[in-house]
Amino acid sequence: MNQDKRLLERIAHGDRTAFAALYDALAADVYRYLLILLGEKDAAEDVLQETFLAVWQQARQFRGDSRVKTWILGIARYKAYTRLNGRYEEQLDEQMVDGLVGEDGFETFSRIWREMQIARAVAQLPVHHREALELVFGFGLSYREAADVLGCPIGTVKSRVSYALKALREQLHYLRGAAIPAREEEA
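Numbering of the sequence shown is given in the UniProt record's numbering, commencing with residue 1 and proceeding in unit increments.
Take these hints with a grain of salt, some might be off.
To be verified - Pairs of lysine to aspartate or glutamate residues, derived as DMTMM-like cross-links and limited to a Cα-Cα distance of at most 25 Å, are as follows:
(1) 41 <-> 29
(2) 5 <-> 65
(3) 69 <-> 46
(4) 69 <-> 24
(5) 158 <-> 170
(6) 158 <-> 15
(7) 69 <-> 15
(8) 158 <-> 50
(9) 69 <-> 9
(10) 41 <-> 15
(11) 41 <-> 9
(12) 41 <-> 65
(13) 5 <-> 15
(14) 69 <-> 50
(15) 5 <-> 50
(16) 69 <-> 29
(17) 69 <-> 4
(18) 5 <-> 42
(19) 41 <-> 24
(20) 5 <-> 40
Derived from the structure by calculation, the hints contain no laboratory data. Every value quoted in this text rests on a predicted model; they were computed, and no experiment measured them.
All chains, full assembly: derive it from the sequences and hints.
Put into structure tokens, the structure is as follows:
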């Protein structure tokens, strides 16, 4: 039995220390996923709290058919869509420049520019394709685990990821070469 399952069993018996440990281990990934779904920090933070409250309250209901992380991402997805009442509002993350210490100006500009182009292209994908792509590549879930979170067949997840990758390749073909003019070398 892995560490997360052991923690969840302890949570089912009211162990607050285990709950804190599970929160510390998974909250950052759940928050990132919620940012993708909700598009704004405040909403993601609120739904993160609602998600972990549900984990505390429903720990005994975990059947063990999936990884704990997959189960929690499924709860987060449900809470996010409940909050949006079925609507998805696209919004790019405007904090892309955080943590860019130690790079020179051109490298910083080039990196931010590429990240913005990729973020825009990903944001233009249909939500179900974007969501499948993030679960598989962003969170490293298997297709089976992503299918469990999304509540659809594995083939559907594979198809959505394939479509998303094809669309991104088409939209971002220009990033393969020089995405922006090369910096001129000083004479």
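Given hint residue 65 paired with residue 5 - CA-CA distance at most 25 Å: 11 Å, holds
Residue 41 paired with residue 15 [C-alpha distance capped at 25 Å]: The given pair, whose Cα atoms are some 29 Å apart, is violated under the 25 Å limit.
25 Å limit on alpha-carbon distance, applied to hinted pair residue 158 and residue 15: 38 Å, violated
Pairwise hint evaluation, residue 29 against residue 69, where the allowed Cα distance is 25 Å at most: 9 Å, holds
Restraint status (C-alpha distance of residue 5 to residue 50 at most 25 Å): 20 Å, holds
Restraint status (C-alpha distance of residue 69 to residue 24 at most 25 Å): 12 Å, holds
Given hint residue 4 paired with residue 69 - CA-CA distance at most 25 Å: 8 Å, holds
Straight-line alpha-carbon gap residue 41 to residue 29, limit 25 Å: Judged against 25 Å, a Cα distance of about 14 Å means the pair holds.
Pairwise hint evaluation, residue 50 against residue 69, where the allowed Cα distance is 25 Å at most: Given that 25 Å is the threshold and the Cα spacing comes to 16 Å, the pair holds.
Residue 69 paired with residue 9 [C-alpha distance capped at 25 Å]: It holds: about 14 Å lies between the C-alpha atoms, which stays within 25 Å.
Distance restraint between residue 5 and residue 40, which requires alpha-carbon spacing of 25 Å or less: The given pair, whose Cα atoms are some 30 Å apart, is violated under the 25 Å limit.
Given pair status - residue 42, residue 5, alpha carbons within 25 Å: Measuring from Cα to Cα gives roughly 29 Å; hence the hint is violated.
Checked against the numbered hints given earlier, the structure breaks hints 6, 8, 10, 11, 12, 18 and 20 and satisfies all the rest.
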